[in-house]
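Protein chains in written order, with this note's numbering: chain A, 19 to 429; chain B, 19 to 429; chain C, 19 to 429.
A portion of the hints provided could be inaccurate.
[To be verified] In silico negatives: residues of chain C with every beta carbon more than 12 Å from chain B:
1. H151
2. G342
3. D360
[Unchecked claim] To give a feel for the contact side, a few chain B residues facing chain A, derived at Cβ under 8 Å:
4. Y220
5. T224
6. L375
7. N378
8. L381
9. G382
10. V383
11. S385
12. P386
13. G387
14. Y388
15. L389
16. G391
17. S394
18. D396
19. A397
[Claimed, not checked] 35 Å max Cα-Cα, derived DSBU-like pairs, lysine-lysine:
20. C:K120 x A:K239
21. C:K83 x B:K112
22. A:K196 x A:K120
23. B:K373 x A:K373
24. B:K112 x C:K373
25. B:K294 x B:K373
26. A:K148 x B:K373
27. A:K196 x A:K93
28. B:K120 x B:K196
These aren't lab readings, by the way, just hints derived from the structure by calculation. Think of the CB as a built atom: it goes at the ideal place given N, C-alpha and C, for glycine as much as any other residue.
Each chain, letter by letter, is given below.
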Amino acid sequence: MIDYRRMGALLAGRREGYCLPQALYNDADAFDFDMEAVFGTSWLMAGFTCELPEPGSYLAQMVGKWPILIVRDRKGEIRAFHNSCRHRGSLICKPGSGTSPKIMCPYHRWTYDLEGGLFAATRMGPDFDKSLHGLRQIHIECVAGAMFVCFAETPPPFADFANKLESYLGPQRMDKAKLAFESTISEDANWKLVMENGRECYHCATGHPELARTFPVGMSKHFDVADDERAQTFLDTMKASELETDAIEGDWWQLARFALNRNVETLSMDGHHIVKKLMCEANGGYVGSMRLAVDPHCFVHATADHVFMFSAMPVSPTETHVTGKWYVHQDAIEGVDYNVDDLAELWTRTNLQDKELAENNQLGVNSPGYLPGPYSPDAETLAQRFTDWYCNTARNFIAGRAAMDATVHVD
Amino acid sequence: MIDYRRMGALLAGRREGYCLPQALYNDADAFDFDMEAVFGTSWLMAGFTCELPEPGSYLAQMVGKWPILIVRDRKGEIRAFHNSCRHRGSLICKPGSGTSPKIMCPYHRWTYDLEGGLFAATRMGPDFDKSLHGLRQIHIECVAGAMFVCFAETPPPFADFANKLESYLGPQRMDKAKLAFESTISEDANWKLVMENGRECYHCATGHPELARTFPVGMSKHFDVADDERAQTFLDTMKASELETDAIEGDWWQLARFALNRNVETLSMDGHHIVKKLMCEANGGYVGSMRLAVDPHCFVHATADHVFMFSAMPVSPTETHVTGKWYVHQDAIEGVDYNVDDLAELWTRTNLQDKELAENNQLGVNSPGYLPGPYSPDAETLAQRFTDWYCNTARNFIAGRAAMDATVHVD
Amino acid sequence: MIDYRRMGALLAGRREGYCLPQALYNDADAFDFDMEAVFGTSWLMAGFTCELPEPGSYLAQMVGKWPILIVRDRKGEIRAFHNSCRHRGSLICKPGSGTSPKIMCPYHRWTYDLEGGLFAATRMGPDFDKSLHGLRQIHIECVAGAMFVCFAETPPPFADFANKLESYLGPQRMDKAKLAFESTISEDANWKLVMENGRECYHCATGHPELARTFPVGMSKHFDVADDERAQTFLDTMKASELETDAIEGDWWQLARFALNRNVETLSMDGHHIVKKLMCEANGGYVGSMRLAVDPHCFVHATADHVFMFSAMPVSPTETHVTGKWYVHQDAIEGVDYNVDDLAELWTRTNLQDKELAENNQLGVNSPGYLPGPYSPDAETLAQRFTDWYCNTARNFIAGRAAMDATVHVD
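So that you can see chain A by itself, here it is in the shape it has in the complex (with noise of 0.2 Å):
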C-alpha cells in the first residue's frame, strides 16, 4: 500500500537543480510508486520491429518484473500483450523471440491466436466463454522501425514524437536491420541512479577511456555546438545530406545528431567502422551519431554501421536490468562484415563501467550524510532534464489520481 502523501511530501523536499532526495533512491515504498506512476504511465521502448520478421514472430520480454508478449499478427501487424494467460495467469512465453502459428500456454495448453483472441481451452464446460478471455493488449505504437509500449489506459501524446522520430531516424532505414546481439547486466542500484549516469558525460572524460576516444565527452547541454567550428561545419554537412540533425526534444523525448571526435567514423574502439554493410550511407558513411533517448529508461545511438539501444528495467529499489541490444543491416553477415566481438566491445566496457560507477552511487546515497547535491549546468543538463521530467511525472501522478478521488467523492 503506497502512501501517496509521503511520495507527495519527498517529491516537494526536492530543491530544484538538485538530485534527489535520499528516500527516492532507496525506499521499497518509492520503488512501488515509480513503477505505477512512471512505467505504468509512460511510453517504453521495446526494441525494432525487425525482431519480428514475419506473421506468428514474437519477442517476450520483462519490464521489470512485468512480462510482456510482442506478436507479429497474421495481417502482419504488431500487437502487445500482457504475458500472463487468462486461466490461472501463467507466463505464456518465457523471455525470448521465436516463430509460431498460435500462442499456447504451456501449463494447461489453452491457445490464443496472433491477434490475442482465445482459440482454444479443453475441458472449460459448456458455459464457458471463450470472446471473454482473451489476451489482454497494451498500446503499442511502432514509428520508423522503432516499438513503443505503454501500459497505461490513456497514453501519453505520440503523434508529435512520431513525426520527429521519423524524419531523424528513418534515413537509418531500421525496416532493413536485424538484431545481432543483446545482453543484459544487473546492477546493484536504483534505475534513476542508472538513468543519471547515463544522462551526463560529465564522468566519460575519466571513468570511459574508450568511448572518449569517438563520443566528444566535453560537450554542453543537449549537445550544444557553440562555437565549435568542426561540429558546426559537421551539422552544415549533414543538412546537405538531408539529414536532420537539430537537438530537439518534447516531454519525455529527446533527438539530435551530433559530430564524434574528429576523423571518427563511429562509436567503437578505435573509431572505425564495425560493420562493412552501412545501414545509412549518407556522406560515404560520415553522419555522426543520431541519438534518441526516452524517458525514463532507454537511450539509443544510430551510427552510420550500426544502432545501439540502452534499456534499464527495474527490478527492485536498488537494483536495475540494463539491456544492451545491438542491430546491423539485415545484409550483412557475421563473420564477414562484422563479429559480434567488435560490435559489443565499446558499449559492454562502457556498462560495466557504468555498472561500478552505480552502484558505488548507491553505496554512498545510502549514508546518513547523504545530501542532495548540485549538478553541472554544463555538464549535466541532461541529468537534471531527467529527475525534473521524473519529478514532474510522479507529481502528475499523484495530482491525477487526487482529481479522480475527487471526483468519486462527488458521485
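Dock chains B and C against chain A, hints included.
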C-alpha cells in the same frame, strides 16, 4: 503488522470459481497473514510415527520458518514441541532425526526430558524454577501411523477425520513401515500456486509425461469414476478385498482409492512395483492408489508397494519448500527389495516439472495484466476446492479475531 | 516509516532479567529503529590510529550500510567524514585504506582536501560556492590510539571513558602498533543475538573448546575474581607492574584486566605468545588480558603480544557482519616474529563457532513458540547488561523524540 481489513477486502474480491486476486499470491503482508491464519490454525501432516521407532527418537523439521520437534517419550507416546530453547530461544535440534535419552540444547546445555520438562540447567541461581521452563508443546495426533500437528490453542475437530483415515490407511500397515528416502526442493512461487498445481491434473498430460503413464490424468472431479467400466470394476474388487474406496471428504481433507492406468501396479516409471516386499498385499498388490489430501499443504499416495508424501512449506511470499518422503515396508531391504533411485524417480521428475510450472505461474501472476481466471469445472475441481477452503479458513480467522476484539471491548 | 509507539510498546514488554521480545530480533522496522536509535547515537569503535600512519592516510569502512571515511589531515589530526560525495552522493573511497594527498571522488573528480573542504570541482559554473560543499564531518575521538566515531549531533559524554581507557590501554603502546590481519564474516542473525553471544561465556566450555584452553570460561559476572586465589595473586602482580586491573564500567563501556588460565601467556591455540616482539613487556609478558567492551558493537582483548578487536555491524534484521582485526607491535616482522595463520587461528575458529550458535539462536527465536527466557545471574551478567543498555538507549531515544516533538508543538 498485518492489516486484517485489507486482507478481508482482498478475500471479499475473490470471484467464485476463479483463482485468487494477485496480492494473495505475492504480497508480503498476505504471506504473514497466511502463516498466522492458515498454517497457524490448521492440522498439518508431519510424517509417520515409524520415523520415531523408539523412546528417545526425535524428528526436527520446519513449518515454513517455524521449527518444531517431535519426540517419542519414555512411555512411547509421541509429543510435539516448539523447537526453541526456553533459555534464550535457540534452536535445540537442527532439522533431521536421531535418538537421544534427553533433549539437550547445544548452546548452554539446558537439558529437557523426553516429556519436555526442564531436567537440568547449570548456573541459573537458587531462585530459578525449572518447572516454569519446560518446552512448549504443540498439539499432535497420530492415526494409522500418520502424525498431524497443530499450532492453534484450540485445533479444528479431528475425530471424524481420524475414524475415516483409520479405515482408509489402516490396511497400509504404516506401523510396519520405514522412511526410505526424503528430499526437499525450493520453488520460487507462492505456496498456494504450488498447492493449486498439486491439486489438479489438467496439466498432467503434457506437463508430466512420465506420471501420465500410470496415473489417470484425465480423471474428473474428485476421482469420479462416472461411466468408466474398468474403474468401476476395480472399485468392486477393492470392496471385495475390504479396502475402502469411496471418494469422501471433510472440511480440510479428502480420501479416495482410485484405479491406476490399465495394467499398472503402482505409481512408478514403468507401472511395475518398485519394492518387492509389499506394504498392502490385498488383491495380489493390485490396489490402485489410496490418496489422502490435507489442506493446506499435503497429499499422500499409498500404493501396494510404497507411500509417497508431498508437503509444501511456505518460506516467503514467492518461495516454497517442497518435501517428498518415500516410505516402504520396514522389512524391505535396500539394494535387494528396492533401490532408492528407482523408488524416487517418478515423483522427483514430477516435482521438478511442477517447480517450473509453478515458477512460471508466479511470474505471470505478477503481471499488472493478471486477472484471476476460471477453473475447469471438470479438471480443476480440487484446485478450486483448495482455494475455496483457503478463502473460508482465512475469512473465519478474520471473523474470529473481530469477535474476540468485540468481546474484549465489552469487558 | 518507523512506528515509534510500537517500538516503545515492544520495549515496554521486555521483562527484567530476560532476553528480548521476538520482534526486536527479527522485525524490519525494529532493525531500522536500531540503526537510528542505537547506532546513530552511540560512540562506535573504528579501529586504531596506527592504521593511519601519516598525513593523507585514510580508512574507509561501513557502519552497517553507512559508509564512513577516516582521514589523517595535513596537521596529523584524525578526522571522520560521511563517505558520500557532496555532488551526487557517490561513495568516494571504497572500503579499505590507503594514502592520498587529496580525497578525490572518482565519479566526477570532485576533490576534497584532507580537512574535508571542497578543493576543486570542474564545470560547476560561476555561481557555485565550493565552501558550501565540503565533506560532512562526524565526531571522532582518539584515546590511547583507539578511535571512536559518533553519528549523533550531540554525542554521549566521552571524557570519563577517555581517562579510564588511557590508564588501561596506555601500557599497550598502540601508537607503536600495526594492523597485521583483518577479516569479515557474515552471520545470519540479528546483531543483538551476535552481541549477546559475544558478551557471555556460559556457552564457551562446550561451544569453544580451543578458546577454553586459555580463557577463563567459568568466570562469574564482570570478571569477578571472588575467592580465586590464583586470580587474586595475578591482580596483585599486575598492580605491582602498575597495570590497571579493576573491573570498571560506564554506561556504554567496560574495562578490566583478568588472569588467563594457569600457565597461559596469551589468547592463542596453545597459550604461548604468538608474536615474539611484545607490545606490553611488563611482568615478562604475563599480563593476562585487558578487555575493553563498547556497546553496542565491540570488544577488544589486549594481551602482551597482540590485540584482537571484534566489531559487529548490522546489515539486515537477520544479518550481521563481524569484523576481526589483529594488531601487533609495529616492529614485529611477519614470517619472523609471527605468522598470520597462527595469529588469527583462535579467534577465527571462535568466530565461526559463534556464527553457528547465533544463527541457530535466530532460527529458534523466529519460532511462534519463542518466549524470552531468563539470563543466568552468574554466567550471563554481561549479556543482560548489554540488553539492559540497549533497552535504556532505545527508550531514551524515544523519550527524546517525544520531548522534541512537544517542544516543536509549543513553538
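Quick rundown of the hints versus the structure:
no. : hint            : in the structure
1   : H151            : holds (39 Å)
2   : G342            : holds (22 Å)
3   : D360            : holds (28 Å)
4   : Y220            : holds (5 Å)
5   : T224            : holds (6 Å)
6   : L375            : holds (6 Å)
7   : N378            : holds (4 Å)
8   : L381            : holds (4 Å)
9   : G382            : holds (4 Å)
10  : V383            : holds (4 Å)
11  : S385            : holds (4 Å)
12  : P386            : holds (6 Å)
13  : G387            : holds (2 Å)
14  : Y388            : holds (5 Å)
15  : L389            : holds (7 Å)
16  : G391            : holds (4 Å)
17  : S394            : holds (5 Å)
18  : D396            : holds (5 Å)
19  : A397            : holds (5 Å)
20  : C:K120 x A:K239 : holds (29 Å)
21  : C:K83 x B:K112  : holds (31 Å)
22  : A:K196 x A:K120 : holds (23 Å)
23  : B:K373 x A:K373 : holds (32 Å)
24  : B:K112 x C:K373 : holds (15 Å)
25  : B:K294 x B:K373 : holds (30 Å)
26  : A:K148 x B:K373 : holds (28 Å)
27  : A:K196 x A:K93  : holds (21 Å)
28  : B:K120 x B:K196 : holds (23 Å)
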